[in-house]
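Trainee: Chain B: place on chain A using the hints.
Read off the chains here:
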Amino acid sequence: MSIRDIIRRSGRSIKSAKGRTILTALAIAVGTFALTLTLAASNGATAFVNKIIKDNFDPSELFVAADESLFGQGNTTKPREYDPSFGTSTTNAGASRQIKRITQEDIDKIKKVDGVESVREQIAVSARYITREGEKKYVATVAAYNPAQKPEFLAGNVNDFEGKKIILPEGYLQDLGFDSAQDAIGKNVEIVVPKTLTAEELRAQLLKGTLPTNADQLAQATDNNSEAIQFNIAAVSKKPITSQPGTELYIYTPGDEAKALNDITTQGTANYQKYNFVLVKVAGGTDDNKLKATQQKLKDLGFQVRSVEETQEFLTNIIGVLQGIVAGFGFIAIIASVFGIINTMYISVLQRTREIGLMKALGMRKRDIGRLFRFEAGWIGFLGGAIGSLAAIVLGSLLNPWITKQLDLGAGNNLLIFKPIQVAGLVLALIIISVLAGWLPSRKAAKLDPIEALRTE
Amino acid sequence: MVIMIKVDNVTKTYGKGENLFTALYKVSLEIPTASTNAIVGKSGSGKSTLMHIMSGLDHPSSGEVIIDGKALGEFKPKQMDAFRAEEMSFIFQAFFIEANQTCYQNVMLPLEIARVPKRDRAKKVKAALTAVGLEDKIDSLANNLSGGQKQRLAIARAIVNKPKIIFADEPTGNLDSATGEMIIKLLFDLNKKLKCTLVVVTHDPEIAEHCKNKIEMKDGEIISTTGIKHKRLGK
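The listed protein sequences derive, respectively, from chains A and B. Per my numbering, the first sequence starts with residue 35, numbered consecutively. Per my numbering, the second sequence starts with residue 41, numbered consecutively.
None of these hints come from the bench; they were simulated from the model. Computed from a predicted model, the values in this text were never measured in an experiment. Among the hints, a few may not be true.
Stated by the list, open to error - What the simulated footprint calls covered on chain A by chain B, stretch by stretch (three residues with Cβ under 8 Å from a Cβ of chain B suffice, anywhere in the stretch; the number is not a length):
1) 35–46
2) 385–394
3) 397–405
4) 475–489
Using N, Cα and C, we set each Cβ at its ideal position, and we do this for glycine too.
Isolated chain A (complex conformation) (with noise of 0.2 Å):
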């Protein structure tokens, strides 16, 4: 007999046994449904992993450090010895620690390394407060703009982006007393960084007699010290969707600006034109290949370096753990469903003996009475894959909408994508895995003997 004849044959033996064929597909529905929401979700997740970075990064640029510490590696547990040509910092716990930073002599030797299009420190300015004239006053970040970046503007544009102008996040329009976004277009407000007293300004104030005689006094004027800068709103930023967590009210200054008020806050400082990192464009860094050799070359340099999408692992790691457990979860049930498989097959074969006597007196081979068999077995997981994706893809799809809303995703961004090559797949998977699983039976039917099994008495 053919195989086409075989595969017809036993599609026919299962739409005659419907209600046990439909039950035992069903038990693998289960598992098929769960593991077809687990690939849209990992699909989902990483899709939105992807939008994060690209929202907030541009892919051909590297990060580059000069401390192991800052991309969560090295030893921990064992002291460092102490460089005084760096600051001191404390971590989110309160231990006292010390990064190596990059300085302006490491941005030179990057910047004639093979492959680097340009260097940009990465800066993020502590300012003391943002402010404006009878409003009070609000804590603030200010960092460079990365042109990379696109973010919404609900007002205003960075067509012309350059010298004392901000983007300002839609967080600060109320506080700071505009009436929309519009209003706060080319207004200015202040902008006040802490600043340390050089050598100079201290002497002068001495001379002056201005500088306070009591230590405690003098302590809190230097710790007080800072300078107001006035800006200009050149765009309102909206609420990003994809933004990385911690970043929502930067506010965005041209990268020399950013680089001036960083220079004003760490003068005198050990941290003066010192990063934590700075960004290395690599030219025609889309291609992943190039962007590996700019990045090996960094690395023999012994820079510390990470691609945007190594720098996201982590992301990726923890959704992975969590696609794992339910994964998990489904391949069990589709393991306890084989049993089923098993067990509606073995009553197949009891149920057709003599069909089977009568094909062997027929002449059919052993071989074609165990694929008939197999095929009918087959039959079922395809069935069971296919109502258990079906399943999930229609329940996904009504989902998808209210899931998007309840995580607060942003229109357009799905948590569960299906993909139609990864449900036909897991189906044709189900059919092999459900084959395997009729192979005892089959085997049963296949010794048969025919004389037995046509016997009528």
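Mentor: Coordinates of chain B only, in the frame set by chain A:
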């Protein structure tokens, strides 16, 4: 006279030692081509075992069966299957048709097994169903047929691939006498038309009377024949 089936000194035993049971003892027989033959005897006489051995479903403990000049004992299982698919077919007392399938699908089975090319199938199925008078039931479910129609369907299935031999095991056993007679008449008409060798196993003397040759069995041996010769070796 051309011989279709030659049974040569066949013995069939089951079990071992004290449980040894002799189903056939030194049976020799020659069945001519295109003849009609009845194997008669009570149950347990060995007539079904003889049919199974002649059709290659069972193997003799000793002796040989030669069909159409070919010794069945020399066939590998695969060859035996192919030989059965092309040269023989069966009709059973309990019909053994697939109730959930249409007449067309039932009759198609031997063609699929024998790997008859697809384009020839429909024509052959129609011809077979027409030969048994079921041409208008081609798309009906076998389940909806009467007993006599079911056996006619089984006959259509038996003749669809033009076999050289048809083995019929108590073909009228499940039918009332009028229907049974009709079935017998059909079988004999087809035997004449198709020139196939017909071997009927039965305990119904009336059927046996219709056959040209009669082989009577008792306790695993042929005790008498009419129409053909046999050797009786005795215990």
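Trainee: Please go over all the hints and tell whether each is borne out by the structure.
Mentor: Hints and how they fare:
1. Only residues whose C-beta sits within less than 8 Å of a C-beta in chain B count toward coverage, and the region 35–46 of chain A has 5 of them, enough to reach three; the restraint holds.
2. As drawn, the region 385–394 of chain A meets chain B at 6 residues by the rule of a beta-carbon pair under 8 Å; at three or more, the given contact holds.
3. Residue count for the region 397–405 of chain A with a Cβ under 8 Å from a Cβ of chain B: 5. That meets the three needed, and the coverage hint holds.
4. Interface restraint, the region 475–489 of chain A with chain B: holds (3 residues with C-beta to C-beta distance below 8 Å; minimum three).
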